[in-house]
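Colleague: Chains as they are written, first to last, in full-length UniProt numbering: chain A, 1 to 301; chain B, 1 to 301.
Simulated from the structure, these hints should not be mistaken for laboratory data. The beta-carbon is built from N, C-alpha and C at its ideal position, and this holds for glycine as well. Do not take every clue at face value.
With a straight-line cut-off of 20 Å between C-alpha atoms, the simulated DMTMM-like cross-links for lysine to aspartate or glutamate are [what the hints assert, rightly or not]:
1) K151/B to D16/B
2) K210/B to E211/A
3) K272/A to E211/B
4) K158/A to D124/A
5) K284/A to D215/B
6) K210/B to D215/A
7) K210/A to E214/B
8) K284/A to D188/A
9) K119/B to E114/A
10) K210/A to E211/B
11) K119/A to E114/B
12) K119/B to D124/A
13) K123/B to E114/A
14) K95/B to E146/B
15) K284/B to D215/A
16) K70/A to D36/A
17) K210/B to E244/B
18) K272/A to E208/B
19) K210/A to D215/B
20) K210/B to E208/A
21) K272/B to E214/A
22) K272/A to E214/B
23) K272/B to E208/A
24) K272/B to E211/A
25) K119/A to D124/B
26) K151/B to D164/B
27) K210/B to D255/B
28) K154/B to D164/B
29) K272/A to D215/B
30) K246/A to E47/A
31) K210/B to E214/A
32) K95/B to D233/B
33) K123/A to E114/B
34) K272/B to D215/A
35) K210/A to E208/B
36) K155/A to D124/A
Covered stretches of chain A (chain B as the covering partner; in silico rule of three or more C-beta atoms under 8 Å from a C-beta of chain B) [what the hints assert, rightly or not]:
37) 129-139
38) 208-220
2 protein chains.
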Amino acid sequence: MLKAPDHQVAGHQALDGHLGPLVDDSGCFYKPLQNDERGSKEVAFYEKFISLTGIPSRIRRFFPIFHGTKNLEASDGTGMHPHLILEDVVFGCMKPCITDIKIGSRTWYPGASEDYFQKCISKDGNSTSVSLGFRVSGLQVYGSKESDFWKPNKKIVKSFTPEDVRLVLRRFVSSDVVPGIDKDVTPDCSLASRVYGGSSGVLAQLSELKEWFEDQTMFHFNSCSVLILYEKDLALRGKSGGAEVKLVDFAHVVDGNGVIDHNFLGGLCSLKKFISDILTDTNKPLSEACLPEMDTSADGL
Amino acid sequence: MLKAPDHQVAGHQALDGHLGPLVDDSGCFYKPLQNDERGSKEVAFYEKFISLTGIPSRIRRFFPIFHGTKNLEASDGTGMHPHLILEDVVFGCMKPCITDIKIGSRTWYPGASEDYFQKCISKDGNSTSVSLGFRVSGLQVYGSKESDFWKPNKKIVKSFTPEDVRLVLRRFVSSDVVPGIDKDVTPDCSLASRVYGGSSGVLAQLSELKEWFEDQTMFHFNSCSVLILYEKDLALRGKSGGAEVKLVDFAHVVDGNGVIDHNFLGGLCSLKKFISDILTDTNKPLSEACLPEMDTSADGL
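Same shape as in the complex, but just chain A (with noise of 0.2 Å):
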């Protein structure tokens, strides 16, 4: 009983014949290996990791479990193709609030061919990758409302500027979503202490994940995005909305030769700031919220 994920918010769709992941009911996520090397590298990755006995479980849950690999039926009907059977992150989810972020400021790594090293360093400096240390890659976010309801589509996604992406992030954590990039639709915030804030919340997730990205010389995770994930309707009724971070996509993983990961560890300081600073903003009196931002950030120095 396998079928296209409803929640996948960014990568190649197993829709219309394309070859794309598929889930099973039983909270599985089966993701194509990519033909050229990208698939053999996922799976060498995965197998490394869970081989690794030195990688505390608080750090481990920031990883989809993996349980192999197997062939099935591919979603492109052109046959049989190697599948990774990992953890559906969403299984169960009712409204999951998504969005996929590809960390760094440069996405091609030393060693890779011509090819790709141009094709990143275009798409780095065109999104926000070389400005912000990272780019929302997708997301879907839910409203208050049934109907309530956004998921760009990619080409909105390629165009979002630094200030958008503010903007994003804060409608992630709003109760009413508005379709489209309106800036001139000012997003509530209400969720940003229940999902960003909080002892075991986003912040607190990206902090930890930070640390280790502060001593860890094993892994360099060039392409690899953050998911931020929570459950809407719980946190809409004042829960936590259980908000997790994962880290997925490891087809551009390479060796950190006992040198830290200074590209993705910057990216995702860069982005731990950006959601401590809606915390921020969103725990000040409105009248100090609204001050200019030269201000506010010359405040905290």
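Given chain A, put chain B in place with the hints provided.
Modeller: Here is chain B on its own, set in the frame of chain A:
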């Protein structure tokens, strides 16, 4: 009574009729303004930086004191030329060990000219900038004997590999100094705990700087260097050697626009990890310190 500095390790030098910095006998360092916009941008940075009221003194101490600008007879004999008047950070030192480390995996930045971009991307890829997030731009080290001294020329410094950088940062805090990057001579790192360690050592200073960079969103310090310096004779006599970290070269600083400097921060964290690895290693019993790299790094997880 102006003269070329005795202890300059990187950058243009006021020798053989070239334009370069000068020092006087009262602790001032005169840096000629570059003729293009870089000169005026560096002045503008210093002027803005000293005008900011919110920067605590524990951060200000990382920046050379700025005393304004002055027209002086240029070192290249071409007549009067504007100079920045800065603190001479090695004033009064007899045997200053210095290294100039350019921070960031990229030295270019959005908005720079295509020419500058191409020059930078090539230099970054051909040095350790991309792989380590920083590169050594120059150094000088004194040893315990009067004649021991190592100041590799530009060509050698440019050819440093990641392994060379690791060796150089060890030799930088060793009592035995051999000229040349001879991998068969293992540095004793006898001054590591005094210079890199301790509550006011280099690692503690880099941590303080890092904390500021996790929060400050006013400036992006493109192509800026960290100087690490200490006085060899003091360190050899068991003192801390007054180890200091300074930031220099602000000709490519741009407005942070509310975003942290993830490029600088990533490189700074990588340098910090290199320094902390040296401290960890030199504090270990010899038997452990000799374990293969791979095992050592897995230990930390």
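Colleague: Next, verify each hint and record whether it holds.
Modeller: Verification of the hints:
no.	hint	verdict
1	K151/B to D16/B	holds, 19 Å
2	K210/B to E211/A	holds, 13 Å
3	K272/A to E211/B	holds, 13 Å
4	K158/A to D124/A	holds, 11 Å
5	K284/A to D215/B	holds, 18 Å
6	K210/B to D215/A	holds, 14 Å
7	K210/A to E214/B	holds, 11 Å
8	K284/A to D188/A	holds, 13 Å
9	K119/B to E114/A	holds, 17 Å
10	K210/A to E211/B	holds, 13 Å
11	K119/A to E114/B	holds, 17 Å
12	K119/B to D124/A	holds, 18 Å
13	K123/B to E114/A	holds, 17 Å
14	K95/B to E146/B	holds, 10 Å
15	K284/B to D215/A	holds, 18 Å
16	K70/A to D36/A	holds, 17 Å
17	K210/B to E244/B	holds, 15 Å
18	K272/A to E208/B	holds, 18 Å
19	K210/A to D215/B	holds, 14 Å
20	K210/B to E208/A	holds, 17 Å
21	K272/B to E214/A	holds, 9 Å
22	K272/A to E214/B	holds, 9 Å
23	K272/B to E208/A	holds, 18 Å
24	K272/B to E211/A	holds, 13 Å
25	K119/A to D124/B	holds, 18 Å
26	K151/B to D164/B	holds, 14 Å
27	K210/B to D255/B	holds, 18 Å
28	K154/B to D164/B	holds, 14 Å
29	K272/A to D215/B	holds, 10 Å
30	K246/A to E47/A	holds, 18 Å
31	K210/B to E214/A	holds, 11 Å
32	K95/B to D233/B	holds, 7 Å
33	K123/A to E114/B	holds, 17 Å
34	K272/B to D215/A	holds, 10 Å
35	K210/A to E208/B	holds, 17 Å
36	K155/A to D124/A	holds, 15 Å
37	129-139	holds (count 4)
38	208-220	holds (count 6)
Hint check: no violations occur; every hint is consistent with the structure.
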